[in-house]
Amino acid sequence: MSKQSYFKRYLWLFDFIKRMKFVSFDEICKRYEKYPPDLDGKNQFSKSTFHRDILAINDLFGIQISYNKAEKGYFIENESIEESQLLLIDTYRYINSLYQDKDINQYISLASPKGGGEYLMVFLEAIKDRRNVTFDYCRCVTDETTRRNVEPYFIKEFKNRWYLIARDINDSQTKTFALDRIKREPYPASGANAFVIPSHINPEKYFKDVFGIFKMNNLQAEEVVLSFSPLKGKFIKSQPLHHSQEIIIDNDVECRVKLNIQITHDFEMELLSHADELKVIQPEHLVRSIGYKLEKALSQYNNI
Numbered sequence: 000m001s002k003q004s005y006f007k008r009y010l011w012l013f014d015f016i017k018r019m020k021f022v023s024f025d026e027i028c029k030r031y032e033k034y035p036p037d038l039d040g041k042n043q044f045s046k047s048t049f050h051r052d053i054l055a056i057n058d059l060f061g062i063q064i065s066y067n068k069a070e071k072g073y074f075i076e077n078e079s080i081e082e083s084q085l086l087l088i089d090t091y092r093y094i095n096s097l098y099q100d101k102d103i104n105q106y107i108s109l110a111s112p113k114g115g116g117e118y119l120m121v122f123l124e125a126i127k128d129r130r131n132v133t134f135d136y137c138r139c140v141t142d143e144t145t146r147r148n149v150e151p152y153f154i155k156e157f158k159n160r161w162y163l164i165a166r167d168i169n170d171s172q173t174k175t176f177a178l179d180r181i182k183r184e185p186y187p188a189s190g191a192n193a194f195v196i197p198s199h200i201n202p203e204k205y206f207k208d209v210f211g212i213f214k215m216n217n218l219q220a221e222e223v224v225l226s227f228s229p230l231k232g233k234f235i236k237s238q239p240l241h242h243s244q245e246i247i248i249d250n251d252v253e254c255r256v257k258l259n260i261q262i263t264h265d266f267e268m269e270l271l272s273h274a275d276e277l278k279v280i281q282p283e284h285l286v287r288s289i290g291y292k293l294e295k296a297l298s299q300y301n302n303i
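Going by numbering that gives the first Met the number 0, the sequence shown runs without a break in its numbering and finishes at 303.
Read the hints as simulated data drawn from the structure, not as lab findings.
Don't take every hint at face value.
Claimed, not checked - Each pair of labels, with its calculated beta carbon distance range:
no., residue 1, residue 2, range
1, N148, K20, 41 to 47 Å
2, S198, K46, 35 to 41 Å
3, N159, K233, 20 to 26 Å
4, N217, Q281, 19 to 25 Å
Beta carbons: idealized from backbone N, C-alpha and C, even for Gly.
Can you build the whole structure from these sequences, using the hints too?
Put into structure tokens, the structure is as follows:
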């Protein structure tokens, strides 16, 4: 059975147990026989397979499926599932939907899949087992494809794309790789425990001062103050730009927020996307940079 088939079954099992809350193994088997998650697989579901799947779901997603003797059924142990866990599940739910029914677009409108999502399983397993991974990678700027051998550290999602943060063995630099720019199936090394992930490189610490996906190691975080229109302020309050966001003024005139963040290209592009309802207050060099980009954009319409 392919790795993709395993993931289809994990997803099906999670969704069914979550929906039913307390469900017996017999009920799971009957449902599996009637609606098998893998159309190319077998219609029988053994208890040993079920228990292996439970362990795999816990290992990959951190989601615990347990048995309740009083209710005589299985249930999702986690009281609350983290956003990152749901993001992984939703990605595979999308992929599973496409494979389950080729005519799905006739009756449901789906957003584009996360770029590179088909490689998530390979990298998640390699990170867990501490195995190097080799793949062919096409750079965005030059379109040059090169062979990469990396130590995978963790995965990050940003703006509907998946990225791998890993150490490039060739130059020992920690880099960000877009999974949708991988040009062939990644293959992990056979040996386990090949490397140790540095303690300072984890999702929470590594991108602490960053908006987006590219971290500048030589750039310090700065205090940024932004003033939004009241209407845009409602969106910014519900979808903060950064975890450090703090509201300092919120009235009928403006919604002013303060951030502590690296001023990177990704961050400036995000500010420009709100330009008609945003005024940058500080720092001064960011005010000048955004002003210059807006003037340059406006110059393209001067002859209209």
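Hint check results:
1. The hinted window of 41 to 47 Å between N148 and K20 holds, with their beta carbons roughly 45 Å apart.
2. Between S198 and K46 the C-beta distance comes to about 40 Å, which sits within the given range of 35 to 41 Å.
3. The hinted range of 20 to 26 Å is satisfied by N159 and K233, whose Cβ atoms lie roughly 23 Å apart.
4. Distance hint check: the CB atoms of N217 and Q281 are about 22 Å apart, consistent with the given range 19 to 25 Å.
When the structure is compared with the earlier hints, no violation turns up for any of them.
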